[in-house]
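Based on the sequences and whatever the hints tell you, model everything.
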Amino acid sequence: MIEFILGKYNYWICIALMMVGFYGMIAKENLIKKIIGMNIFQTAVFLFYISMSKVHGGTAPIEWHHAVVYDNPLPHVLILTAIVVGVSTTAVALALVIQIYQKYGTIEENRILELNRIEEEKNLEMNG
Amino acid sequence: MDIIISASPLYAVLVSLLAVVLIGVSGKNPNLRESWTIVAALIKFSIVVSMLPKILDGKIIEYTVFTMMPGLDLALRVDPLSMFFALTASLLWIITAFYCIGYMRAGKEKNQTRFYMCFAVALSGALGIAFSANLFTLFVFYEILTLCTYPLVVHKQTPEAVRGARRYLTYLLGTSIAFQLSAIFLTYFYAGTLEFTAGGILAGSASNTVITIIFVLFVMGIGKTAIMPFHAWLPAAMVAPTPVSALLHAVAVVKAGVFTLIKVILYVFGVDLLQELGLGVALAYVAAFTIIVASIMALRQDNLKLRLAYSTVGQLSYIIMAVALLTPSGITSALIAVMIHAFGKITLFFTAGAIYIAAHKTKVSELDGIGKQMPFTMFAFTVGALSMVAVPPAAGFISKWYLLLGAFEAHQLVLIGAIVVSTLLNAAYYLPIVYAAFFKPVPLGEGTEMHEAPALMVAPLVFTAIGTLVLFLWPTLLFDLAKLVLASVMGGY
Amino acid sequence: MAKRKMKENIIRKTAARLSIPFIQLYALYVIAHGELGPGGGFQGGVILGASVILFILAYGMEEGVNRVKQWKTDVLNSVGVLLYGGIGILCLFLGGKYLQYNVLPVSDPKLASQLGIIGIEIGVGITVAAIMITLFIETARRDEK
Amino acid sequence: MIAHFPILVIVVVLLAAPIVPLVGRKNWVFGWYVATGATLLSFLMSLSLLNTVLTDGRISYWLGNWEPPFGIEYVYDPLNAFVLVLVSFLAFMVAVYARKSLEAELQPDRLTPFYSMYMLFVAGLMGMVATGDLFNVYVFLEITSLAGYCLIAVGQKREALMASFTYLILGTIAATFVLLGIGYLYMATGTLNMADLAQRLPDLYQSKVVLTAFAFFTVGLSIKIALFPLHNWLPNAYTYAPSVTSTIMAATATKVGAYALIRVMFTVFQPDFEVTVVHVTQVLIFVSSVAILAGSIIAVAQTDIRKMLAYSSIGQIGYITLGIALMNEIAMTGSVVHILNHALMKGSLFLVVGAIVYKTGITHINDFIGLGKKMPVTMAAFTIAALSMIGVPLTVGFVSKWYLAIGSLDAGMWYLIPVILLSSLLTAVYFWRVIDNIYFKKPEKENADEQTPPGISEAPALMLVPTFALAALCVVFGIFASVPVSIAEKAAVMLLR
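Protein chains in written order, with this note's numbering: chain A, 27 to 154; chain B, 3 to 495; chain C, 168 to 312; chain D, 1303 to 1799.
A portion of the hints provided could be inaccurate.
[What the hints assert, rightly or not] If you want the ones that stay clear, here's a sample from chain D, every Cβ over 10 angstroms from chain A, calculated:
1) 1304
2) 1331
3) 1335
4) 1361
5) 1369
6) 1373
7) 1401
8) 1589
9) 1595
10) 1738
[Stated by the list, open to error] Straight-line alpha carbon distances no greater than 25 angstroms define the calculated SDA-like cross-link-like pairs of lysine to any residue that follow:
11) D:1744 <-> B:172
12) A:80 <-> D:1514
13) D:1676 <-> B:116
14) B:110 <-> B:361
15) C:180 <-> C:239
16) B:112 <-> D:1678
17) C:264 <-> D:1373
18) D:1744 <-> D:1660
19) D:1675 <-> B:107
20) D:1609 <-> D:1458
21) D:1743 <-> B:161
22) B:158 <-> D:1738
23) C:277 <-> D:1364
24) D:1661 <-> D:1758
25) A:80 <-> C:205
26) D:1459 <-> A:123
27) B:56 <-> B:5
28) D:1792 <-> D:1713
29) D:1609 <-> B:168
30) B:110 <-> B:464
31) B:61 <-> B:12
32) A:54 <-> D:1468
33) A:129 <-> C:305
[Claimed, not checked] Below, a sample of chain D positions facing chain B; criterion: calculated Cβ distance under 8 angstroms:
34) 1695
35) 1711
36) 1783
Simulated from the structure, these hints should not be mistaken for lab results.
Just so it is clear, the structure is predicted and the values come from calculations on it, not from any experiment.
A virtual CB, placed ideally from N, CA and C, is assigned to each residue, including glycine.
See below:
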């Protein structure tokens, strides 16, 4: 049992990080905190890939004359792409938050939803 | 049986769709617009009549329009059974077209172009139902008919009209989607085909329980038969202009309903299968219940059109009961009643419309002495009423006679009792009107001089009244066709 | 106030002026070595972009926006991607599959592959750098408003 | 060049994305020309691809001539060639439509970026459909999503921003789940090529890693297709986005998500995995039924037409997943055909809404009174598409319902028929309310009507033609249903072999 836990400690860390990020995305009201949660969430998955690619005793997958065992390079390549995607997502999210702040004057989700609700009620009244 | 491949049924269906386009284009010119309707009606009728000799020869005309999906064809087939409905609908369209013109112009209705367009589509739907070669085609036209009559019912666009039309649509679309479509799904799944075949397609393909379920679904799903408790749309649809009530709710729509049911009973289930399961008798009892209740309801109505509507509910159930008896005479009665009742009921609705236009009266209690003001109209009304009550020399007598014969053949004494009681009720709600019209004094303040509706309205109703009498005297054509149908569905008769 | 202070900050300016060329050279090195060693368009592009960001940080937004006009970054954005896609399509015209570099008209197919990859890395590098700069300017400028 | 269509079909659109801002710098119209041209080209190519696939069978294109599983492979079979044609066709139609609609709905400086993003969005969708490599699916999924967030966020109202943000958060969760699923599969098999995975996975079906991967895939993709109860992002996104965005998203994005789900469930994993190992079909049937009913019921309660259509979409997605879950050829055919049918119907409906917004700015159903006279052609398109949604025969809606119903009977689940038919009735209820308002109600305030001049005032032809074309196709493919059905049947046979 103890081996099961310790032997796969990298995955446990990934899972813990993922849950932290997930919690941040779901439970935080502040939009920036949501984005931070999202980043942690994504990074946890990146970490999962990278730790998965580790070969016991292997070195970095660079042509290197006295190395015999290399880590699996493919997940690195994949994650490079995923990181770019993650950065883009963050960029879009931040841009949105900036806009939201300009239009609503707040970045607290519950406050924004409340403002939306007020507006909707106003519209309904106008329509009779 | 010889099969002729010919596109003439398709033309018969399409001619009014073509008219729709022409009517829509010439919306600005009323005379041209109305003449398109009449031309289309005449062409339609002549195409139908041109097919009659071949049918009487015992031949069948078939035409597959296209295959929609594997196993689902849009196909038309003209057989003796379809002729009953096709002849009725196309002949009465001509007459109604004239009546419409008189009514709509006299009433200065709005949206007349839409009205005529939908009317023409409705006729396409009716003929499509008459000529459909399989359940799928029938369902297609059934839905077309429902949808295109909606604008006709809602025509006045008053809140009341919208409410009535909603109910109309809810009942017809609701039952057809919820029940009829599931019945079709089940039929296709178990029988593997939807083709109408004399003797039925379901026999032996599924357990008795499943067949019973399918039958119940069909009966409930064909809401246009107005069998109780699915009848409420018919009175609700009376908010429509009278020509609509006349053609659609005495002929096209409701007859499409009973025609569909007849077709399903004879060509999907088959006489033997239903007899074996005892489903026919069960349906006959439901119909008998509907007849009695509807007659009592009709008795309580003061609004003339509503009284006619409830009378329609009852009369339709006569036809259902007749076919549900599954005996030769019963089926004959059902078939000929499709045409006979149409003539009688359309006369009655025409008169109701004429009274509304000429005297602005809609209530039964206001009709005292109106026979003096509108002698032609009330004469026609009398003939129609006699036909409904089944008094010779009106044609209604023949169909009821065969119905009674059928009930005797099936040894259903309770049903005979129901027929007798309901006939008395029919008399009770029709004859007082006739009595009041001719023998009661005119109310104070109204003259006794002739005050008929426009000639374009009176001529059609007199024509249909005479038609009712003619059908009594020369019903040969009806019986010839009925024999052909019986030969195919019961074998050897 | 803050702006002026930034402009007057001579240490920062000088440090930036000294380091930026080396950063950019390093960026080019990283881009150019993508096909064999660790590195490539993404990483090099980010470094290249960072050098411009450093410039803006040191010299202030006004100067930065003057030097790095928006239309330039926009065009570079597109050009980088088009370079990438263009090389791919070029391979089609030379009879290969999409992005099959070894058909490029160079004596040795291995060299052709290398060249193709370098071309693509350059394209990626340009786009990434331009995007980094755009992102920085857009977010930072909005804060100033 | 025909040999390279498998890649060009996507590259054309993908490269149009950077070209649009280049040519559109001075005047966005040039950007529009590029966008329209690229989507048209792509549509023609995808037609040719479909034709090739149907006559010669599967096409496999190796990127850079690297042999799979080492290189990335683009694979075309009846299923994805079919979906590809659908996506590119709708992309073209919506692009044509976009010119006038966007001009009215967006600030001028946002038009060029919009077209660029639109190209990325479409390219991402097409890439997702075409690729035979699992990781590529993730990349294209994110390309589409990122472009999609931007396309939503430019909506006129400020609610659009929040809708986009919510979608971004949920979309990222979904995509990361998919990424995690891919990681697990790679861990277990060491390959990312779908065909290769299909070879290697059956031996590993009992492995916990594979099971976890499957779970992540289904949940992730379910969020993307807004399968009830994971639909939260969808209604606001469709409601507040520009009409063009709602149309293309409703018509294609969720469909491509459904396609990806089919791919994962039936190509990467084999049908017997779902049946014998995870029993996911029972769950999916239940969830789909709930989705069908819940979507329809909530739609009945809506007063904003776009929200109504959005909830209706949630219900319709249930049809697609229901057909998938029933696991027989008839139902699967229904599902694949419904991907096309729903795209046509919903596309047309959203385009109509866009035209109404363009002309009058109305989205509230109660304000629709009298529109039938003002915009006859647009409203005719609406009516056709609405009837099709209800499932009236001779329209495409009937075809899907037919196959799904017979498919459920075939699976021995007769109790699904009431579900399908009940939702048809509910659909009739919420569409008929609109149709009644359009045609059959008198305006209550006579004065209000006089202010808007009577007479016909139709949307411009550039908007009218795509709208009506989609509606007309609803009828054409409803009548000549054997055309799409035969392709869908091939796809179904291939998936369930």
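Looking back at the numbered hints, which does the structure fail to meet, lowest number first?
-> none
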